[in-house]
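Asker: Going down the list, the sequences are from chains A and B. Numbered according to my numbering, the first sequence terminates at residue 226, and the numbering increases by one at each position without gaps. Numbered according to my numbering, the second sequence terminates at residue 626, and the numbering increases by one at each position without gaps.
Note that these hints are calculated values from the structure, not bench results. Just to be clear, a hint being listed does not mean it is correct.
Derived DEER-like restraints, expressed as beta-carbon distance ranges [to be verified]: (1) A:N179 with B:W132: 52 to 62 Å; (2) A:R174 with B:N34: 38 to 48 Å; (3) A:A88 with B:R181: 34 to 44 Å.
On a predicted model such as this, the values are computed, not experimentally measured, just so you know. All residues carry an ideal CB built from backbone N, CA and C; glycine is no exception.
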Amino acid sequence: MAQMHRHRLRYEKTGRAIYISHLDTMALFQRAFLRAGLSIWQTEGFNRHAYVSIALPLSVGFSSVCEVMEFDLESEVPLEEVPERLNAVLPEGVRVLECYEARDPFKLLRMLDWQITLEYDNGVPDGVEEAFRKMLDVPGLVIQKPSKKSKKGFTELDLIPMIFDWHIEPAEERTLRLNCRLAAQNPSLNPQLLLETFSERCPSMAPDFIRYRRKEIYLENGEKFR
Amino acid sequence: MDPRLERILLRVQKPARYTGGEYHAVIKDKNEVNTRFAFCFPDTYEIGMSNLGMRILYGIMNEMEGVWCERCFAPWGDMEAEMRQANIPLWALESGDPIRDFDFIGFSLGYEMAYTNVLNMLDLAGVPLHTWERGEDDPIVVAGGTCAYNGEPLADFVDIFSLGEGENVTSEMLELYQNCRQEGWNRADYLRKAAQIPGLYVPSLYQVTYNEDGTVAAITPEEGVPPVVTKRIVQDLDQSYFPIKTIIPSTEIVHDRVMLEVFRGCIRGCRFCQAGYCYRPVRPKSPDKLLEQGIESCKLSGYQEMTLSSLSTSDYRPLEQLCDGLLGYCEPRNINLSVPSLRADNFSMALEQRLQRARKSSFTFAPEAGTQRLRDTINKNVTEADLMNACKTVFEGGGNAVKLYFMLGLPTETDEDVLGIADLAQKVYLNWKQNASYRARGVRITVSTSFFVPKPFTPFQWEPQITMEEYQRRVDLLRNAVKSNKSIIYDWHDPDTSYVEAILARGDRRLGSAIEEVWRRGGRLDAWSEYFDFDRWIDSIRSVGLDPEFYVRRERPYEELLPWSMISVGVRPSYLWRERNQAYKSVVTPDCRKQCMGCGADRLLCDRKCDEILPISARARTEGEG
Ligand code: SF4
Chain A
1 MAQMHRHRLR YEKTGRAIYI SHLDTMALFQ RAFLRAGLSI WQTEGFNRHA
51 YVSIALPLSV GFSSVCEVME FDLESEVPLE EVPERLNAVL PEGVRVLECY
101 EARDPFKLLR MLDWQITLEY DNGVPDGVEE AFRKMLDVPG LVIQKPSKKS
151 KKGFTELDLI PMIFDWHIEP AEERTLRLNC RLAAQNPSLN PQLLLETFSE
201 RCPSMAPDFI RYRRKEIYLE NGEKFR
Chain B
1 MDPRLERILL RVQKPARYTG GEYHAVIKDK NEVNTRFAFC FPDTYEIGMS
51 NLGMRILYGI MNEMEGVWCE RCFAPWGDME AEMRQANIPL WALESGDPIR
101 DFDFIGFSLG YEMAYTNVLN MLDLAGVPLH TWERGEDDPI VVAGGTCAYN
151 GEPLADFVDI FSLGEGENVT SEMLELYQNC RQEGWNRADY LRKAAQIPGL
201 YVPSLYQVTY NEDGTVAAIT PEEGVPPVVT KRIVQDLDQS YFPIKTIIPS
251 TEIVHDRVML EVFRGCIRGC RFCQAGYCYR PVRPKSPDKL LEQGIESCKL
301 SGYQEMTLSS LSTSDYRPLE QLCDGLLGYC EPRNINLSVP SLRADNFSMA
351 LEQRLQRARK SSFTFAPEAG TQRLRDTINK NVTEADLMNA CKTVFEGGGN
401 AVKLYFMLGL PTETDEDVLG IADLAQKVYL NWKQNASYRA RGVRITVSTS
451 FFVPKPFTPF QWEPQITMEE YQRRVDLLRN AVKSNKSIIY DWHDPDTSYV
501 EAILARGDRR LGSAIEEVWR RGGRLDAWSE YFDFDRWIDS IRSVGLDPEF
551 YVRRERPYEE LLPWSMISVG VRPSYLWRER NQAYKSVVTP DCRKQCMGCG
601 ADRLLCDRKC DEILPISARA RTEGEG
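Let the sequences and hints guide you as you build the complete structure.
Answerer: Here you go:
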């Protein structure tokens, strides 16, 4: 639906809630609004239901502290009250941070800040940052991505124009943290693809486990998306 | 969360089934808990969470002081492999703690094909499989649900069976346990005491001996242990616990909606139906109470779908009044109310139309048998005229799909009865031609047959099951008879599962070693066709020296001591036998409302008749009943 809805929630999805799928997350909020006694606009037609739309689908297993959802609040309540009322009826790990009037259309959402935690069971190997720099300090990094649509069975993708910023810092024991700003839509770069590419190129530095967390969303000009 | 689990969760399908943390899941402070109960459902999360009984008992236990009831489901194959690989024992969803450290592990047994899951879950938990191997530190393993009425095949693995409705007996069982710990009794003491609580059956306290022909010779309780254990029921459903505040899963489950139980039991007395006899007597809830609970449940859940669920919901007398009340709340909020309609004799299009905002085009009826003679035999008191009237209403109202459910292999069934199904389907087709308001769309008549499984505590508990070859022959006969009409679609169930069900349903405790063997050979999740392996079952049963045909094919004489003779569901065996004889004469028995035939189940009620809604004023007297 291209039309913009009036209200937005910014919320977190962390802890046990990271395993809830995109579709289930929408169903969860539809019910939560009703439980909170907040009436929102419902779809027309046969199977009417409360309407919510999430700006960017979040993969199962990824956490986020910057999810955005939109809807039309029909109840006459001050928006500041909405987070508290919803939080009282949401499952563990889903927390509403803010409810506000929509400002930027979804299609203007351009960049995402990721916090990626690389876990090395046997200790962090030397030279990971170096290796990243070597991989990314190039004019172009074209990789093949499996695709059903293309005849060849894959499409080619240049990662470099979709990486706006990155740096690596040591974190807890046996972990490194990669903070990066990546393209969020049209096109978008899934950070998993970036890390897979890294692990393929530098197998000795491939992490044993990787956690992905969305930190913040931005417009083209670097201002926060709201 | 176990860090190993975090990694595993990203590799398995549907990880949200394993994480807990749902809205209204109960988290307690371990320091204030002295009794921990793991409610295990021996199937997947999506199936188990759809079970109303589990939600009721979860709520009741968690309202008890010092008790924490948590949930646990059978892992799918991918998760099981990961757990075994990483050596992660089965855990409870709420706390994430291993259930082997709990005081109780309770299974809900809804169908026989879940038996291997019970063993598998005990093994995954790290709990000794057999009752006699368990020590003072091991959990007490209890089981309830429909299959517990003849739980004998699981007697080796289950310490206590809870018979009938668990609302009251569960708390009694847990209170006894709490006392028992204060008094310093051991496990054996506790089990002996528990056997004194009405409705609790402790199989290890009964010795079963066999005749040379394999039939049961004697069932001998240990001294002081009751010779017959009678199931428990709730006297007054209006006053008993209903889970208005219940867990709302964060991932889609099978019945993802508010479920309202309008009554327990059934007035009908279909002779093949185990639930119909085991859940007697019928006890309705008052429409006022249902309305209140329905509305509250919607508010607290946020569901936009509600369904009335009972054995034969359309027999609920104040159904229209209740639906009117509920619709008054639901309609303005776009909450969809549905009422399953399987009976053709009291089908009401007016009601259907009120219920369906989106006009429904498909309707389901279950005549169960193709001829009036056979329908009389099974006491399915639905006539062809009833069905034709219902279909006429459906077709005139714009419906263009009818599903018809039948069973093949019912006692006394002949080819004429099988062909009668084809006939009936053809008549439904002609009915459509005559009455359809709009014929251009065509019509779809789906005929579906299942393979009859004789069940304990029914009038057919003495009957043999027909052979699988014979079932297949009847399927082919019917298939040929309907194939010329392209509007009739025929669906039949494979007989394999029903054959194994027939073994287990009327099995004795010797089958325990067979089930164990099936499990050792890899059997689990047998209710799922991708896991079920017929040959594994048959080979395993034979390998422990038992003959599947003994359980399936044998007609039992009335004098035979049936393996479940120590259990009573309230209905007298002599009544069942009388019903069996009436079946052979194709004589119908009126439903409980027309005339009480004295089955005996009314003896379970303290202060009222079957099917009675007591006025509120009379209730004061019964408060505090057990
Ligand atoms: S006692 Fe009579 S009314 Fe009650 S369940 Fe039995 S037959 Fe029906």
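Asker: Give a verdict on every hint.
Answerer: Cross-check of the supplied hints:
no. : hint                           : verdict
1   : A:N179 with B:W132: 52 to 62 Å : holds (59 Å)
2   : A:R174 with B:N34: 38 to 48 Å  : holds (39 Å)
3   : A:A88 with B:R181: 34 to 44 Å  : holds (37 Å)
Consistency note: the structure conflicts with none of the earlier hints.
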